[in-house]
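Undergrad: The primary structure of each chain is shown beneath.
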Amino acid sequence: MGRAAKAAALAVPLTILYLVYTGSWSLFEAVIGFAASFIVGLLFADAVVSRPSKLYSPVRWAWALVYAVLYFTIIELRAHAQVVKLIISPGGMKPGIVRVPYSVETDYAVTTIANSITNTPGTVVVDIDEKGKKMYVHWIKVEDETDEGARRHVSMVFEKYAKRIFD
Amino acid sequence: MTRWSDLKEIIIATAAALLLVALSALLASSGLVAAPPPSDNRWLAEKFLTLTYNAERKALWAASPEVVTSILWDYRGIDTVYETSVFFFAIIGALMLVRSYKPARGEKIEGRGMSVIARTVTRITLVAIPVVAASIALHGHLTPGGGFQGGSVFAVATLLAIVALGTGFLVNRGWSKGRLLGFRTLGLVIIVFVAIAVPIIGLMDGGRAYLVQNQEKPWSGYGAGYIYSVLGLDILYSGTLLFLNLAEFLAVSAGLTLAFLVMGLPREKLYKGGDVE
Numbered sequence: 000m001g002r003a004a005k006a007a008a009l010a011v012p013l014t015i016l017y018l019v020y021t022g023s024w025s026l027f028e029a030v031i032g033f034a035a036s037f038i039v040g041l042l043f044a045d046a047v048v049s050r051p052s053k054l055y056s057p058v059r060w061a062w063a064l065v066y067a068v069l070y071f072t073i074i075e076l077r078a079h080a081q082v083v084k085l086i087i088s089p090g091g092m093k094p095g096i097v098r099v100p101y102s103v104e105t106d107y108a109v110t111t112i113a114n115s116i117t118n119t120p121g122t123v124v125v126d127i128d129e130k131g132k133k134m135y136v137h138w139i140k141v142e143d144e145t146d147e148g149a150r151r152h153v154s155m156v157f158e159k160y161a162k163r164i165f166d
Numbered sequence: 000m001t002r003w004s005d006l007k008e009i010i011i012a013t014a015a016a017l018l019l020v021a022l023s024a025l026l027a028s029s030g031l032v033a034a035p036p037p038s039d040n041r042w043l044a045e046k047f048l049t050l051t052y053n054a055e056r057k058a059l060w061a062a063s064p065e066v067v068t069s070i071l072w073d074y075r076g077i078d079t080v081y082e083t084s085v086f087f088f089a090i091i092g093a094l095m096l097v098r099s100y101k102p103a104r105g106e107k108i109e110g111r112g113m114s115v116i117a118r119t120v121t122r123i124t125l126v127a128i129p130v131v132a133a134s135i136a137l138h139g140h141l142t143p144g145g146g147f148q149g150g151s152v153f154a155v156a157t158l159l160a161i162v163a164l165g166t167g168f169l170v171n172r173g174w175s176k177g178r179l180l181g182f183r184t185l186g187l188v189i190i191v192f193v194a195i196a197v198p199i200i201g202l203m204d205g206g207r208a209y210l211v212q213n214q215e216k217p218w219s220g221y222g223a224g225y226i227y228s229v230l231g232l233d234i235l236y237s238g239t240l241l242f243l244n245l246a247e248f249l250a251v252s253a254g255l256t257l258a259f260l261v262m263g264l265p266r267e268k269l270y271k272g273g274d275v276e
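Protein sequence lines correspond, in order, to chains A and B.
Numbering of the first sequence is given in numbering that gives the first Met the number 0, commencing with residue 0 and proceeding in unit increments.
Numbering of the second sequence is given in numbering that gives the first Met the number 0, commencing with residue 0 and proceeding in unit increments.
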């Protein structure tokens, strides 16, 4: 894939960002925005995109949409309900750091999992072992100390969708 | 494959999301949460101006003739205290980014950079921030912002790249001291050229115009125009302003990036001297 092709592929989503930020949707703005985005793409696209075809896969986008809807409603609600319960029941907290293995390949998928875990207040990735494919997660209420058990509780859902969207 | 329980969750979540959107739309349209701005809110400014240092109405004064400070630290003081705490957390973020790392005994420090999470997020911002910067610079003559502001925003992207991905990331893709200095100088040269363009046109015509003249004056009929008509569109470019903003954008982007790059160089490099490479 040539440099210009990668830049052009990345320039489309960047143009949308440009238009959203500018707050104007005219064709003229889109043309100017695409030109600016293409130049940015020429500078940095190879650091962001490895296979441009993935960027245009409707299946991946569909899963991303499904995940976004799930994430900001049910998953978010459950995470916060859990923390509310912890706050109003004294002594319910059992913080600790657990080792959570993961099986996704791309940097984007790993980042998605790590950032998704953070939506439970107090539960956050503190370190990551890229070679051994393990995250070290500070868990606000440790329910299972084994690797696979922690994985089932903490990151299974996120991993499932991260794999479908990015891997 | 997707099981029935997954599908059920998706359906419930979609319904919840739609409900949220509908509720937001209802609240917004009924004027409950977002009342349309009044066409005239000068009374508020009037109040502040007449009350901050009004010794006859001490019940509402701030005892300071400086209206902005009065608003910031008195009338809306709690907001400012809150903002200060936000800034405090921003500094903690910055300290986290450039924290030092003490290796355990026998541990190799090489290759122990930022985590994959920090690096990936930085890569995304590395393309997103410059696009926003370009919009700020390109609309400098239409909305708040301009070349300097856009260039400063652009340099945030390269600063983050230097911190999270290392100086080598930029240097290895050819962002050398010489090149960055070159782009900065090119920006300045364009600014000088635009600054003298209208007076030179005036001189060649046998008339006179000011340095950095933009529009025609009653006593000096030379200007850089302001509307460009193409394909049935009338585009306002505001004379020299667009060109000056773009040149400034280039100069500030390259200049600040160069400054950050030099600051981020390892100590041995600076001892050895020479260019960034």
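Quick caveat, the hints were computed from the structure, so don't treat them as lab data.
Do not rely on the hints blindly, as some may be mistaken.
Which chain B residues stay away from chain A? Per the calculated CB distances, all over 12 angstroms, these [what the hints assert, rightly or not]:
hint, residue
1, Pro102
2, Leu125
3, Gly201
In silico lysine to aspartate or glutamate, EDC-like type, Cα no more than 20 angstroms apart, as pairs [claimed, not checked]:
hint, chain 1, residue 1, chain 2, residue 2
4, A, Lys162, B, Glu8
5, A, Lys159, B, Asp5
6, A, Lys162, A, Glu147
7, B, Lys57, B, Glu45
8, A, Lys162, B, Glu45
9, A, Lys159, B, Glu8
10, A, Lys93, A, Asp45
11, B, Lys101, A, Asp126
12, B, Lys7, A, Glu147
All values reported here derive from a predicted model rather than from experimental measurement.
All residues carry an ideal CB built from backbone N, CA and C; glycine is no exception.
Undergrad: Run every hint past the structure and note whether it holds.
TA: Against the structure, the hints:
1. Pro102: holds, 14 angstroms
2. Leu125: violated, 5 angstroms
3. Gly201: holds, 31 angstroms
4. A:Lys162 / B:Glu8: holds, 18 angstroms
5. A:Lys159 / B:Asp5: holds, 11 angstroms
6. A:Lys162 / A:Glu147: holds, 17 angstroms
7. B:Lys57 / B:Glu45: The hint holds at about 16 angstroms.
8. A:Lys162 / B:Glu45: violated, 58 angstroms
9. A:Lys159 / B:Glu8: holds, 14 angstroms
10. A:Lys93 / A:Asp45: Distance ~44 angstroms between A:Lys93 and A:Asp45 Cα, so the pair is violated.
11. B:Lys101 / A:Asp126: holds, 15 angstroms
12. B:Lys7 / A:Glu147: Judged against 20 angstroms, a Cα distance of about 26 angstroms means the pair is violated.
In this structure, the earlier hints numbered 2, 8, 10, 12 are contradicted, and the remaining ones agree with it.
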